[in-house]
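So for the sequence shown, UniProt numbering puts the first residue at 1; every next one is plus one.
Hints are computed from structural coordinates only; laboratory data are not their basis.
It is possible that part of the hints are untrue.
What the hints assert, rightly or not - Cβ pair distances, simulated, as ranges:
1. F51 x T30: 22 to 30 Å
2. S25 x G54: 34 to 42 Å
3. K17 x G53: 26 to 34 Å
4. M58 x L85: 44 to 52 Å
To be verified - Result set (DSS-like, lysine-lysine): computed pairs, CA atoms no more than 27 Å apart in a straight line:
5. K110 x K79
6. K110 x K64
7. K46 x K36
8. K36 x K48
9. K107 x K133
10. K36 x K17
11. K119 x K79
12. K142 x K124
13. K29 x K44
14. K107 x K119
Keep in mind it's a predicted model, so treat the numbers as computed, not measured.
Where a beta carbon is used, it is the ideal one built from N, C-alpha and C, also for glycine.
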Amino acid sequence: MRLNTLSPAEGARTERKRVGRGIGSGLGKTAGRGHKGSFARSGKGKIKAGFEGGQMPMHMRLPKIGFRSRTAGDTAEVKLYQLELLEAGEVDFAALRAAGLVPSTAKQAKVIAKGELTKAFTLKGLLATAGAKAAIEKAGGKVGE
1 MRLNTLSPAE
11 GARTERKRVG
21 RGIGSGLGKT
31 AGRGHKGSFA
41 RSGKGKIKAG
51 FEGGQMPMHM
61 RLPKIGFRSR
71 TAGDTAEVKL
81 YQLELLEAGE
91 VDFAALRAAG
101 LVPSTAKQAK
111 VIAKGELTKA
121 FTLKGLLATA
131 GAKAAIEKAG
141 GKVGE
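Input sequences plus hints: build the corresponding full structure.
And the structure:
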């Protein structure tokens with residue numbers, strides 16, 4: 001085998017179509033576009049996504065339901081049993097973030113009543129549910145604003 005004898009496999013390379021070159025080519029006159037209509041015209045062959053030929057499109061036929069608040073993920077939940085992991089004393093948002101109890105996307109945190117609390121904590125700048133507030137005060141801590 002020599003380099004000058006190499007050739008591609010049979011059918012691997014096809015000749016390009018030369019349209020509009022007369023009736024003998026098989027692609028003369030309308031050049032394979034058929035007669036009239038948007039696809040026969042130049043620059044008009046695109047149909048927008050979701051277009052159903054003039055019929056009311058699916059996205060307009062279906063009912064509109066649901067709503068997603070853009071601030072829904074701003075408040076992180078911290079449970080009472082997670083507070084037990086921290087050292088007793090003053091707890092604020094920065095301390096929770098440093099302990100890895102609050103994700104980086106959260107803008108504020110709320111303590112919820114889940115689990116037991118044995119240490120006394122003072123919450124600064126954190127939200128707390130009524131049950132969590134009662135549990136913290138029962139353990140000897142307090143919830144400050």
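Structure-inconsistent hints, enumerated in ascending order: Number 6 only.
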